[in-house]
Amino acid sequence: MQSREEGAASGAAKAEEAYQPGSEADFERLYRNTYRRILGTLITLVRDRATAEDCAQETFERAYRNWKSWQPDAPVEAWLHRIAINVAISDRRHQRIRQAGELVRRLGRPAPGADPSLVAERSDLVAALKKLPPKQAAALVLRHYHGYSNREIAAAIGVPEQTVASRLGAARKQLQAVLGRP
Amino acid sequence: MSDLERELESELHRVLDPVSSLPIPPRRAAHPRVSARTLLGGAGAALTFKILTGVAAAAAAVTVVGAATTGSLDPSVWGQVVEEQVQTCKNALAQGEHGIGQCVSSVASQHGQAVASSARHHGDGSSKSKDNNGNTNNGNNGGGNGNANGHPKDRSTRSPGPPASRGS
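Sequence order for the protein chains is A and B. Quick note, the first sequence lines up with residues 1449 to 1630 if you use our numbering. Quick note, the second sequence lines up with residues 113 to 280 if you use our numbering.
These are calculated hints, taken from the structure and not from any lab test. Note that the structure is predicted; figures quoted are calculated from it, not measured. Do not take every clue at face value.
[To be verified] 20 Å max Cα-Cα, derived SDA-like pairs, lysine to any residue: (1) LYS1579/A x GLU121/B; (2) LYS1579/A x GLU119/B; (3) LYS1578/A x ARG126/B.
Here chain B stands alone, though its shape is the one from the complex:
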């Protein structure tokens, strides 16, 4: 054994032997790891992306349906409109008659058609748009072009009108 090896053994015993008399601490519990890498990488990333996309799509759908039904982008208006409709339907119930579902549905349907018709007449709400006659609107009075009841747009009500004369 070389001098270095002897010195190494002696020094290691001097430094480490006291460790063997130390109290043993309680073992740290092993936690399952859910690291950022799991969420942001591999299959975790795909799942996270799908969940976020789903949440965003649901929020967008709620906004579109709410705006189309009430004609307003303000969510506080949506509840108010529905409340009024329900109250109207309740008042219209005859004595002994039950159920306001059909009534509310028909009111919502009529309102949706009215909003859609208004949108067709006044433009789609964008800052500048051309109507069927080729005139330019500022679009401030457009109530959106949503079709509240989910039925296809009634194209037969559109009046084709004369083609816009360019350059006149």
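Same shape as in the complex, but just chain A:
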């Protein structure tokens, strides 16, 4: 894993320098280079793989609409993550509304069984991450899976760089509380 001081962006720095805002070919290259990492983050934020794939596509749609005005003052992947986190927040909001409707329809009937495609991804820890506020969960995934630096996490979750350490501390505390660990 790369040094966290350097951050995940440093490895892709050369490629990022070549991204030209508004360029169709560059956006397609960006999509190819970052799709899986964005999808990975979204899997820990939304309820299942299918939703994560849909949110990933929505993320790139939104990014494409703003591609011409993208300012390369922050790493492009952090910018994409910021969009992805916002998409996940919207999805969770809509999910709460859908769940209320489904609950009313399902009253008195047995609950549907677990989706077999989710069994491989079953993890108490990932399930606990999904219960955290999306920005807290994303901060943990960006640090502990993608190896982001504080600066990149700050750009992705939209807080000052000085705040990232305290946010990460709060996220770990919250995760422990959700897992029921001291």
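Could you slot chain B onto chain A? The hints should help.
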């Protein structure tokens, strides 16, 4: 690094590493959004309202002109009346004479005046109305009070009549 952090890293790699070998699907095309909000809110709402108002006004104008020209609210009658007038004008053309525009126009004008006059005489077509003498009509024979040719109503033809005597 705490135990929790180690466990977190290990679990994230176990769950997410297989994702990095997944095929990348084709990118979904971004469509320009024309949502209901665009049509029903802000400037879109104003434009929609104007368009609907314009359509309604045009439909109303067609109905009024059609009814005033033919004396009927039934649109199927309108075409028939115009067709008859055109045929009448064609028959009236002298040998070698061309153009029936003036003829059709004068027939339409005469018809309009006749309808207007009839409306003044019989009331305006409402269920109950008072004529110039203060008598109450049922209005069933009123042909509408439209002025088909678009000229101001000829007020000089109105007979003022005696004022209605109230209570008699």
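Hints and how they fare:
Of the pairs offered as hints, the one joining LYS1579/A and GLU121/B holds, with about 18 Å between alpha carbons and a cut-off of 20 Å not exceeded. Simply put, LYS1579/A and GLU119/B have alpha-carbon atoms about 17 Å apart, close enough for the 20 Å limit, and the pair holds. Of the supplied pair hints, the one linking LYS1578/A and ARG126/B holds, its CA atoms being roughly 16 Å apart against a limit of 20 Å.
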